[in-house]
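S.K.: So you can see what is in the structure, the chains are spelled out below.
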Amino acid sequence: MPAETTPVVQMRGIVKNFGPVQALRGVDLRLDRDEVLGLVGDNGAGKSTLMKVLTGVHQPDGGQIFFESQPVHFTSPHDSREIGIEMVYQDLALAGNLSVDGNIFLGREMTRDYLGGLIKLLDHQGMAREAVQLLERLRIDIRSVNYRVETLSGGQRQAVAIGRSAGFQAKVVIMDEPTAALAVKEVSKVLDLINGLKDHDVGVVLISHRLQDIFAVCDRIMVLRQGRVVGNIPKSDTHMDEIVALITGAQESAMRDLLEVA
Amino acid sequence: MSATATTSAETRPQRVTVSSVLNRFGIGLALILLMVILSILSPQFFLTSENLNNVARQSSVNAMLALGQFLVILTAGIDLSVGAVMALSMILMALASHAGYAWYASFYAQAAPSALPDPQSTTFMLILSAVAIALGLGVGLFAGLLNGWGTTKLRLPHPFIVTLGMLNIARGATDLISGGAPITGVPTPMRAFGAGTILLFQRPNGEWVGIPTALLVVIFFYLACWVFLSHSRMGRHIYAVGGNIQAARYAGINVDRVLNWVYMLCGGTAAIAALILVGRTNSGYPKAGVGAELDAIAAVIIGGASFFGGRGTVIGTFIGVLIMGFIRNGLNLLNVSVFWQEVAIGVIIIAAAFVDVLRRRATRAA
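Each protein sequence line maps, in turn, to chains B and P. Quick note on numbering: this note's numbering labels position 74 of the first sequence as 74, and the sequence is numbered without any gaps. For any residue, its number in this note's numbering is found by taking its place in the second sequence, counting from 1, and adding 1000.
If you're looking for bench data, these hints aren't it; they were derived computationally from the structure. Note that CB positions come from ideal geometry on N, CA and C, so glycine has one too. Hints may contain errors.
To be verified - So these bits of chain B aren't anywhere near chain P, every CB distance computed over 10 Å:
{"id": "1", "residue": "ARG81"}
{"id": "2", "residue": "TYR89"}
{"id": "3", "residue": "GLU109"}
{"id": "4", "residue": "VAL184"}
{"id": "5", "residue": "LEU211"}
{"id": "6", "residue": "ASP219"}
Stated by the list, open to error - Once the Cα atoms are required to be at most 30 Å apart in a straight line, the calculated DSS-like pairs of lysine-lysine come out as:
{"id": "7", "chain 1": "B", "residue 1": "LYS198", "chain 2": "B", "residue 2": "LYS52"}
{"id": "8", "chain 1": "B", "residue 1": "LYS235", "chain 2": "B", "residue 2": "LYS198"}
{"id": "9", "chain 1": "B", "residue 1": "LYS52", "chain 2": "P", "residue 2": "LYS1287"}
{"id": "10", "chain 1": "B", "residue 1": "LYS198", "chain 2": "B", "residue 2": "LYS120"}
{"id": "11", "chain 1": "B", "residue 1": "LYS120", "chain 2": "P", "residue 2": "LYS1153"}
{"id": "12", "chain 1": "B", "residue 1": "LYS235", "chain 2": "B", "residue 2": "LYS171"}
Given these sequences and hints, build the entire structure.
M.R.: Right, here's the structure in full:
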């Protein structure tokens, strides 16, 4: 490991309760720029809750979030996006009836002023041009940005969704199960795309149930279990069996058994 | 190595097939076919400027109602109140011009201020018309905004409910205000939009050929709406809300604001329809527009817009209005009973909706 760099995101002691349910019980997370962090855990382990705290969907009951060493408080997803944290949603938040560039620029359309700023009209050419550049930069191959998104394949849609989130000075991109709905042959292309984001100095948090995907692209793997971090290991220092054991809790109980015997 | 981080663009060249042509231009072709058939069946009447102007005048009210309805249906909503809101706006315009005139005439008779215009003068008629139109428009927009709030603030389960409520409220208010009786006679300037004709040229036989102002009003608003939908951020957001409301929310679009605007604009187009109808009938009558909301919905659906939202064009809606207008007109010319006309319209609505089903199925299969 190289010398200490400033992490782009640091979460310390995050606590989140939903009524009597303790979803997060003091979770620490660190993400460097140009790093892909795999976030794994069983259903209900707190992965999604942790990411919703990071994007401002939920407000934590305890703990602190630092973005580039500055303490931040997000009251809505809008706040987190403003400073460069983007989320790619599991259900592919794209409007199928709009074109590729229409989706990429959805909610932040480029406009041109007419009549001295009295009228603002969409800059169709400008958006198409920038969308093409963005897709080229990320090596996403879609024949035309004019295609309606519903005519694309699942992998292409996922690529558009990732491109859309990574495209606008994003410093952190969070992906929730980006490969879950894809055909097998499309998975590797999306994984390549995730790898490519590192080259653009983007920190990635990847949530996935598919451990082979996690091992394919992640630099470090963080395991959550019942709202706690039970593992935070560089990929090179671990293997799939250990991660599975951490996820299911088999490792903990195995250790407990050993202690009892001793 | 991530040198080839590309996703496969499975080749989908835009081939010109029969289905793709029908998909794009089918509705326009249907209109042309209809006009050709009617020209053949009724050669001496159908393609005359009198008859075409007649259709334009008769269709203009439905055209304005359908335009607002189209915006609402684009967001996967529905507005059942447009006919009733039109009647309310119409009655208010007629009533306001009558009351305004009576008040000013008595004031003028008592004070006789020489500096002010005579109650019969064109100047006063213009002012009176402007005030009455502003009131009618304001009521239409406000009723629409209330529909929007019912959806976005009260979170009523479906726009069907709030607009059904508004239908009854506006209808009842219209009867309360008018006492159930028509109010006849409106200032001449107010009639310009619904009853006027702009003369274009004179035929050799001395007959003038003109274009109804109502048609120009309709064309103006359709063009404005086309620019709005295809070239403004709000227009783009309307399509996005109809296409995938969740995606629109994730993208940071204020969905409630979009919906409020859409319902308000729909109320506004109902008021424009009222203005046209006031001019054409030279009155306000409380039973105006009964069932008109269903005609407006029918025109939008025939025009190819999807009831699921996010799909449809302004020009398609315009053609939908024309198809309905020409079918009614053509069957009238051919002496087919009104009852059969309704049957024909019904069949076409179902056929148009089925075309949308086929289109969606084709998209999913792709």
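S.K.: Please write out, lowest number first, the hints stated earlier that are contradicted by the structure.
M.R.: 1, 2, 3, 9 and 10
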